[in-house]
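*Asks:* What follows is the residue order along each chain.
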Amino acid sequence: MGRIIVTILLITTALWASDVNIYERNCVECHKNLPVSLEKFFFDYLLKYSSERRVKQALRNYLKHPRKKASLATNELVEQYGLMPKTTLDDEDLRKAIDIYWEKYKVFGKIE
Amino acid sequence: MSVSNVTATGINRSERITLIRFVGLYSFLVLMILILGSTIYFKLQKDLMLQTKRLELEEYSKELIDGLKLLHIYFDHYRTYPRNPLYRSAIYDADHVRIFSTLKHPDGVQLEKVIYTTDGVIQYIHVLDSYYLGTKYTVVEIDDDEKWFTAAWNNILLYGGVLLVVFLAAGVLLMRLFLAPMRNAIHLLDRFIKDTTHELNTPVSAILSNIEMIDTQKLDPKTAKKVRRIEIGARTISTIYQDLTYLALNHKIVSQDRLIELGPLVQERIEYFKILGESKKITFETDIQPGVKLYIDSGKMARLIDNLLSNAVKYNRRGGEIFVRLRPGELLVQDSGIGMEEKQIREVFKRYKRLDSGVGGFGIGLSIVAMIAEEYGLTIDIRSKKGQGSEVTVRWDA
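Keeping their order, the protein sequence lines are chains S and L. In our numbering, each residue carries its 1-based index in the first sequence increased by 4. In our numbering, each residue carries its 1-based index in the second sequence increased by 1449.
Treat the hints with care, as some may be off.
List of simulated lysine-lysine pairs, DSS-like, C-alpha gap at most 30 angstroms [as the list claims (entries may be wrong)]:
| # | chain 1 | residue 1 | chain 2 | residue 2 |
| --- | --- | --- | --- | --- |
| 1 | S | Lys52 | L | Lys1518 |
| 2 | S | Lys60 | L | Lys1511 |
| 3 | L | Lys1674 | L | Lys1723 |
| 4 | S | Lys114 | L | Lys1511 |
| 5 | L | Lys1667 | L | Lys1730 |
| 6 | S | Lys52 | L | Lys1511 |
| 7 | L | Lys1729 | S | Lys52 |
| 8 | L | Lys1671 | L | Lys1596 |
No lab work stands behind these hints, which were simulated from the structure alone. This structure is a prediction, so every number in the text was calculated from the model and none was measured.
With the rest of the complex left out, here is chain S (with noise of 0.2 angstroms):
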């Protein structure tokens, strides 16, 4: 019985860490380098298209067809690093990504 369980609870801990390492690995891993965070960035996605569906369409947009008039980095910023390339993931994966980004950083249950 314990046996059952320990192999439960490892295959829910790999799937997790699979999809963590969607987000890990595709966003954070090039994003690290950049001056502005992550976090800065959800924000100004935030700014601009303020729901969750709206900017996760708007975040999904950008990463299939990065533009620079869509882009919401600073000229200097772009000017500097370049635009990010275009999403080497499929649809779902870029959706799961999109997901922990928006659980990450988002503000409901946050506010005091």
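Mind docking chain L on chain S? Use the hints.
*Replies:* Chain L only, in chain S's frame:
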């Protein structure tokens, strides 16, 4: 004899019906106008109050947005929502999802409006251009002291009450103005009848008494026939005179009710009308049971019988028949005349109603019958078929 007394019953009844209908319709319209006016006034007062409060709420909203801006910038350092004891607030995102709220009634928020009252609070909605913390809508709420509400209702009740009285007074005045021509016309007609009645009395009495004194046996047949015709004419006028006198003096004469034997009275009246019937070659058949009695004024009973017989003669065909039957609790007069339709039967008791303008009279006969019947609790049943004659039955508790 007073004219107003004479006509009081007739005019007042129709006046009362007209009055009730007019007052009903007029009151309904006045109430509609007052309700409409009050609604507009109430809404204006509410809008005025909301406009006044809006200035205050806009200030609170600006203060809230400033707080949100700071919170957005320094969210990684502190996360305390900007609060103020003067108002309560809430923030919503572009998809109307509530981000945070200190409202009393957060579920009733109407984000499509600007300012409104609900459940004792006033809520003001402001739409942001920059969505701090994702906020597109800020809602600022204060308590509604409802002073404006009380003041508005007091004014509506006070001015509405005054207006209602003014409208009703104007209505009564208008009604009097509109009724005046009708009242005058009826007064004129009744006055004319009254005057005519006076003028008829002496000559008719003179004619009848002198005819009775003539010994027709001594006259040659042609002259005797002419005298007979004069008598018929005089008796017709006399009957009309009796009716008009009854109408004119109805409210002045004190009834002398007593238990009377109806048989002889009915027979006497039939004999009287036989002479009138002769001109149309109408034959009378009777079935009178002796000993039938009724507690009534004999003069009024005579008027009742006369009018039934008079109509039976008047509306009968030439060579027709009239059948009169008297039984305890019932007097029936049947003719073989023109008859009536259903609709006409319902109208025969109206004063001045004449079914056939080709025959004489004023249309007051059955109106008198109805008045007497009402006074003594008699019921009148009319059965008639167009072209086959009519049957009038007077019933009473034997």
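*Asks:* Decide, hint by hint, whether the structure agrees.
*Replies:* The hints, checked one at a time:
{"no.": "1", "hint": "S:Lys52 - L:Lys1518", "result": "holds (13 angstroms)"}
{"no.": "2", "hint": "S:Lys60 - L:Lys1511", "result": "holds (29 angstroms)"}
{"no.": "3", "hint": "L:Lys1674 - L:Lys1723", "result": "holds (15 angstroms)"}
{"no.": "4", "hint": "S:Lys114 - L:Lys1511", "result": "holds (23 angstroms)"}
{"no.": "5", "hint": "L:Lys1667 - L:Lys1730", "result": "holds (25 angstroms)"}
{"no.": "6", "hint": "S:Lys52 - L:Lys1511", "result": "holds (19 angstroms)"}
{"no.": "7", "hint": "L:Lys1729 - S:Lys52", "result": "violated (109 angstroms)"}
{"no.": "8", "hint": "L:Lys1671 - L:Lys1596", "result": "violated (101 angstroms)"}
In the structure shown, a violation is registered for the earlier hints numbered 7, 8, in ascending order.
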